[in-house]
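Enquirer: Here is how the chains run, residue by residue.
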Amino acid sequence: MTKNFVFLRTFFLQALWNFERLQNIGFLYILYPVLKGLYPDKEKRKEVLLRHLGFFNTNPYMVNIIIAMVINSETNIASGKEQNLKKPEMIKSLMAGPVAAVGDSFFWGTWRPFVSFIAILTTILSMNMFSLNYFWIAPVLFIVLYNIVHLAFRYWSLIVSFRVDEKMIKLISKLEIKYIAEIFRIIGLIVVVLSIFFYFKIFGMVPALEPERLGFSYPDAVMFGIIMIISFFLGRIKPVVMFYLAIILSFILGYLGL
Amino acid sequence: MELIIFAVIGAILSADITMFGQFMISRPIFCGPLFGYLLGDIHTGLWLGIIVEMMWINEIPMGVAVPLDLTVMTSTAVIWACHFFKGSQEAAILALAVAIPFAYLYKEVDISGRKFNTYIMHWVEEGVKDGKEHRISLGIYAGLFFFIIRSSLMYFFIILIGGLLFRQLFSYLPIHIYVALKKAWFYLPVFGFGAVLYNFRSISIPFIKTAGEKLKR
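Chains as they are written, first to last, in our numbering: chain H, 481 to 738; chain D, 3 to 219.
What the hints contain is simulated information worked out from the structure, not anything from laboratory work. Treat each hint with caution, since some may be false.
A few chain D residues that face chain H, going by a derived Cβ cut-off under 7 Å, partial list only [stated by the list, open to error]:
#1 Ile52
#2 Ser114
#3 Gly115
#4 Arg116
#5 Trp125
#6 Ser173
#7 Tyr174
#8 Leu175
#9 Val181
Derived lysine-lysine pairs resembling DSSO-like cross-links, with alpha carbons at most 30 Å apart [unchecked claim]:
#10 H:Lys566 / H:Lys650
#11 D:Lys184 / H:Lys567
#12 D:Lys131 / H:Lys566
#13 D:Lys88 / H:Lys567
#14 H:Lys524 / D:Lys88
Distance ranges between label pairs, derived from CB positions [as the list claims (entries may be wrong)]:
#15 D:Asp132 / H:Tyr724: 26 to 34 Å
#16 H:Lys566 / D:Asp132: 19 to 27 Å
#17 D:Glu110 / H:Leu655: 33 to 41 Å
#18 H:Leu736 / D:Leu175: 48 to 56 Å
Ideal Cβ placement from N, Cα and C applies to all residues, glycine included.
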């Protein structure tokens, strides 16, 4: 029951995100019911609560690992098994950065783009295969796929970290997340190439979109290809600049009748 | 009344970016079609959603960096396009172009809100020192409450003022700009594909890597 309660509270980690100490109050909010149970004496509890008010920042999906380890440590301190009062703070400061790097690169750098690519491919295919009534499939697929993995990981990492404590670090490294991420990136690339193929086929090869330009006829897919190459080489620039460049390019092409 | 409901829904979706959960309901590919569905044009919502999703694929909140709010950008563009000129591809693209500066304005307000959170954090800290532990929960709920209020007001303002600006602008555009916006409807996803492919430039596909090494030898 307590574990489920802690799990629900982890969604509030960043509710009071601030520039000075980032997620400190959110972390304390998750921890508070446990600390209240461990330290019935209010004065003693105050010392512990103040210990957890320092700077804290990690990936919100990975905080469950740190939370479980800190709770285990606080339980040991309260029962007298652990003498080092600074251990919970050490766990927080030593773990926050490395686990955040794993969470950022896997969930935000790999899994979210991957699921987005699946949804984009579904959208493009639904233009060709399904009627307009099926456009809801892509966003629903995106949310369901993303959250199945994300929520399962958050819950699993909390429960397992409670059980194995510090061994969780070894367990995470054994998961070969870097390797898994690389596999998803390769599959993601295939999905993107498929999306491009179907996009060009559906919107670039339509006879109605083949007017006489520069004295001869060519499909829009040719123009799409040129634009995509330009966009690829402009990849380094800011998306906002790229967006307005695309609009300006459309003006120029429209003005020239291309 | 509809405007207030949309402002609150927008604020709840924006809260997902940082404040609560991170279930990705704030991503353009979800919030775009959602507002499109609510206004009876899911196609426009989804199309704008995939354009923003692809072009801003790397926009995520990390560390102290406050990213551009893609939710407000996509949601307001879809609301304007579907409310004033339902089914018009040209209007949808113009709506997105008009929504971007408002997203920057929203970002500035968001930064001010996060600075205000520092005051609440110190209030909680003082409370803990004085034995008022209930301030921990109150601080969290206050952070969420102020965010929803602030964000709803911003959505309300952007939908209303930006909508008026967008409607006037679209009505007085010269004809060749309509043609260009129609082209942009098809070109922008292609720009998005280019941006996405740029992200894959560092990928190491084992087979290609091995073949490349053999060729080098």
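Enquirer: Now, for every hint given, state plainly whether the structure supports it.
Expert: Okay, the hints, checked on the actual structure:
1. Checking D:Ile52 against chain H: minimum C-beta separation of about 5 Å stays under 7 Å; hint holds.
2. Annotation: interface hint on D:Ser114 violated; nearest CB of chain H at approximately 11 Å, more than 7 Å.
3. With a cut of 7 Å, the hint placing D:Gly115 at the interface with chain H is violated, because the nearest CB-to-CB distance is about 10 Å.
4. Of the supplied interface hints, the one on D:Arg116 holds, with its beta-carbon coming within about 6 Å of a beta-carbon of chain H, less than 7 Å.
5. Here the hint on D:Trp125 is broken, as its CB sits about 10 Å from the closest CB of chain H, past 7 Å.
6. A distance limit of 7 Å between C-beta atoms decides the matter here; for D:Ser173 the minimum to chain H is near 19 Å, and the interface restraint is violated.
7. Nearest Cβ of chain H to the Cβ of D:Tyr174: about 16 Å, over the 7 Å cut. The hint is violated.
8. Because the smallest distance between the Cβ of D:Leu175 and any Cβ of chain H comes to about 11 Å, over 7 Å, the interface hint for this residue is violated.
9. Restraint check, D:Val181 versus chain H: the minimum CB separation of about 4 Å is within 7 Å; hint holds.
10. Under the criterion of a C-alpha separation no larger than 30 Å, the hint pairing H:Lys566 with H:Lys650 is consistent with the structure, at around 22 Å.
11. A distance of roughly 61 Å separates the Cα atoms of D:Lys184 and H:Lys567; the hinted pair therefore is violated under the 30 Å criterion.
12. Taken as a hint, the D:Lys131 and H:Lys566 pair is honoured in the structure, with Cα atoms around 19 Å apart against an allowance of 30 Å.
13. Distance restraint check for D:Lys88 and H:Lys567: the Cα-Cα separation of roughly 60 Å exceeds the 30 Å cut-off, and the hinted pair is therefore not satisfied.
14. Restraint check for H:Lys524 and D:Lys88: the C-alpha separation of about 63 Å exceeds 30 Å, so the hint is violated.
15. Between D:Asp132 and H:Tyr724 the beta carbons are some 53 Å apart, a value that contradicts the proposed interval 26 to 34 Å.
16. Restraint check, H:Lys566 to D:Asp132: a C-beta distance of roughly 24 Å satisfies the suggested window 19 to 27 Å.
17. The hinted range of 33 to 41 Å is satisfied by D:Glu110 and H:Leu655, whose Cβ atoms lie roughly 40 Å apart.
18. A hinted range of 48 to 56 Å for the beta carbons of H:Leu736 and D:Leu175 is inconsistent with their spacing of about 18 Å.
Consistency with the previously given hints fails for numbers 2, 3, 5, 6, 7, 8, 11, 13, 14, 15 and 18, ordered from lowest to highest.
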